[in-house]
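Participant: Following the hints, complete the assembly by docking chain B onto the known chain A.
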Amino acid sequence: MSTPRVRLPRSARAGDEIEVRTLIEHPMHTAVATPEPRDMLARFEARLNGEAVFAFDFANGSAANPTFIFHVRAVPPGDFVFTWTHEDGHSFTSEQSVRII
Amino acid sequence: MTHLTRRAFGTLLGASAATLAAPGLLRAQSAGRLVIIGGGFGGASAARFARIHYPDVGVTLVEPQSSFVTCPYGNLILGGKRRLGDITHSYDGLRARGAEVIHDRATDIDPEAHRVTLAGGAVLEYDKLIVSPGIGLRWDAIEGYDDAAAEVFPHAWIGGDGSQISTLRAQLEAMPEGGVVALSIPENPFRCPPGPYERISMIAHYLKQANPTAKILAFDSKEGFAKQGLFQDAWAELYGDMIEWVPASGDGRIERVDPANKLFISEFGEEHRVDVGNVIPPQYAASIVRDTGLANESGWVPVDPHSFAAAAARDIHVIGDATIAPPMPKSGYVANSTAKTAVAAALAEVTGRPAWDAPVYFNTCYSHAGEEYGISVVAVFRPTEDGFEAVPDSGGLSPRGPLAEQARNRRLEARHADAWYDSIVKDMFS
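Protein sequences appear in the order of chains A and B.
The first sequence begins at 1 in the numbering used here and counts up one residue at a time.
The second sequence begins at 1001 in the numbering used here and counts up one residue at a time.
The following block holds chain A by itself, in its conformation from the complex (with noise of 0.2 Å):
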């Protein structure tokens, strides 16, 4: 598993609608048809000054390295965090910051 990947623009204007990538390495095993243990992410949410603006339940027809490009009204301070919750429960986490001009 690498470090998730997230691109946001430095700083937005307040109101602006800003472009969030983000993308995360992960095999994404269902278990269904090869013999491996299973191994799936569960849910992807993103939150903006402590409030979701986006999130996703995985199930298995979602494929390996799982990526999302959406759009989000800035909104001041612009603190994000990013969380991959995986079905075990361990979770990884990626805080990032825009600058609200």
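Incorrect hints may appear among the rest.
Stated by the list, open to error - Computed spacing ranges between beta-carbons, pair by pair: (1) A/Glu95 <-> B/Glu1372: 51 to 59 Å; (2) A/Ser11 <-> B/Glu1389: 44 to 52 Å; (3) B/Ala1404 <-> A/Ala63: 30 to 38 Å; (4) A/Glu95 <-> B/Ala1170: 25 to 33 Å; (5) A/Arg43 <-> B/Ser1394: 44 to 52 Å; (6) B/Gly1085 <-> A/Ala59: 30 to 38 Å; (7) B/Leu1412 <-> A/Ser11: 26 to 34 Å; (8) B/Ala1404 <-> A/Ser11: 52 to 60 Å; (9) B/Ile1052 <-> A/Asn60: 58 to 66 Å; (10) A/Arg47 <-> B/Glu1244: 28 to 36 Å; (11) B/Pro1402 <-> A/Glu19: 57 to 65 Å.
Unchecked claim - Counterexamples of contact, computed for chain A against chain B with all Cβ distances above 12 Å: (12) Val32; (13) Arg73; (14) Asp79.
By construction, these hints were calculated from the structure, which means they are not laboratory data.
Heads up, the beta-carbon is just placed ideally off N, CA and C, and yes, glycines get one too.
Facilitator: Frame of chain A, contents of chain B only:
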């Protein structure tokens, strides 16, 4: 002379050209005048085919370079298996067949007046025009990648005068021990789908001997590629862990380069320090067809699948990498194969001989993955109502399997590849 048809005008002009000597107007000859823009796989093949099969038609080929450096087998220069002279071809053979070869750049096409303007100021009249201009590089697609950057991080994706592939080879030779070679590979469509992966193989082939602790990082904007299984088998068997292929979902898309600091910067901002960088940028059709409205908003040229007539203008046929012709690949072989159909279609009206009503197009893409190690993908294509299709069961891929079992096939295919190269350049230039 509005009462004259264009063909009658051409004939008249040809008959008295020596005395007319209109300034800036090169003379037309014989039964009809075929002008060909671009002297690569499409254009040279078209010129030779036209001279052999339509000897009463005058052929003028316009090509800026005084000799042609093929992209196929360019990767073998990187592998140390060929020299630039081996892949450089003269236009003298076409001249000997009676084609007029003008080394200049076509800058404008007037489809109404049937005229092509050259950078040097000459104006060529045509009855039929074949345009085989090749690709242009999208310089705006990767931030920081421009003409100057291409001296540091060569693309080596257009033959040109051979300097790009020579620069890349020289950089590999000069690389410090254990250095990193990085490639940036574009999304589809682009020229020569297996080309980047043959290039990776040939670089590895060279480094295995000259710099065995070096690494190759292949950053890809895609999730998969041509002959992927065969290439990856070869890499694992021949080069161990020298090659790392990074797909888009592994942050393989390179969005910015910094030649001064020798950096490739990925979509997610990761900075990769490289010793040698090969940037194969996204592409579109060459400027002559984009500037004259023959290409559509995609940057490529829509054509009639039976004749390669341009959708946007009469009496102009466009062939080669510039066209929209999936599932056919943008390959030299397809350009060569379709050139003949385009010539027959274009000259049917001029000569009264029929065009082919059920054309077929051929493609084989051979790749060298190592010493005496060739692999291929083969298909036969035919036109459909609005495009092209691969004829079912007409081709396929080289068989996969451990090298111990496949060694004979790999060795044979390497020789077939060499024979293919010799044959196709003869079909273009001899």
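Participant: Report holds if the minimum CB distance from aspartate 79 of chain A to chain B is greater than 12 Å, and violated otherwise.
Facilitator: 18 Å, holds
Participant: Between the beta carbons of alanine 1404 of chain B and serine 11 of chain A, is the distance compatible with 52 to 60 Å?
Facilitator: Check passed, 58 Å falls within 52 to 60 Å.
Participant: Between the beta carbons of isoleucine 1052 of chain B and asparagine 60 of chain A, is the distance compatible with 58 to 66 Å?
Facilitator: Once the Cβ atoms are compared, 60 Å apart, the range 58 to 66 Å for asparagine 60 of chain A and isoleucine 1052 of chain B holds.
Participant: Does valine 32 of chain A really sit off the interface, with its C-beta more than 12 Å from all C-beta atoms of chain B?
Facilitator: 20 Å, holds
Participant: Once the closest CB in chain B is found, is it more than 12 Å from arginine 73 of chain A?
Facilitator: Given a closest Cβ separation of 22 Å, the condition holds.
Participant: With 57 to 65 Å as the target window, see if proline 1402 of chain B and glutamate 19 of chain A comply at their CB atoms.
Facilitator: Taking Cβ atoms as reference, proline 1402 of chain B and glutamate 19 of chain A lie about 46 Å apart, which means the hint is violated.
Participant: Lying within 44 to 52 Å: is that true of the beta-carbon distance serine 11 of chain A to glutamate 1389 of chain B?
Facilitator: Given a distance of about 50 Å, which is inside 44 to 52 Å, the answer is holds.
Participant: Is 25 to 33 Å respected by the C-beta to C-beta distance linking glutamate 95 of chain A and alanine 1170 of chain B?
Facilitator: At roughly 45 Å between Cβ atoms, alanine 1170 of chain B and glutamate 95 of chain A fall outside 25 to 33 Å, so the hint is violated.
Participant: With respect to the beta-carbon atoms only, verify the hint that glutamate 95 of chain A and glutamate 1372 of chain B lie 51 to 59 Å apart.
Facilitator: This hint holds: roughly 54 Å between Cβ atoms.
Participant: Range hint 28 to 36 Å: satisfied by the CB atoms of arginine 47 of chain A and glutamate 1244 of chain B?
Facilitator: 34 Å, holds
Participant: Look at the Cβ atoms of leucine 1412 of chain B and serine 11 of chain A and judge whether their distance stays inside 26 to 34 Å.
Facilitator: 60 Å, violated
Participant: Go ahead and decide if the range 44 to 52 Å is satisfied by the Cβ distance of arginine 43 of chain A to serine 1394 of chain B.
Facilitator: 47 Å, holds
The structure does not agree with the numbered hints 4, 6, 7 and 11 stated previously, though it agrees with the rest.
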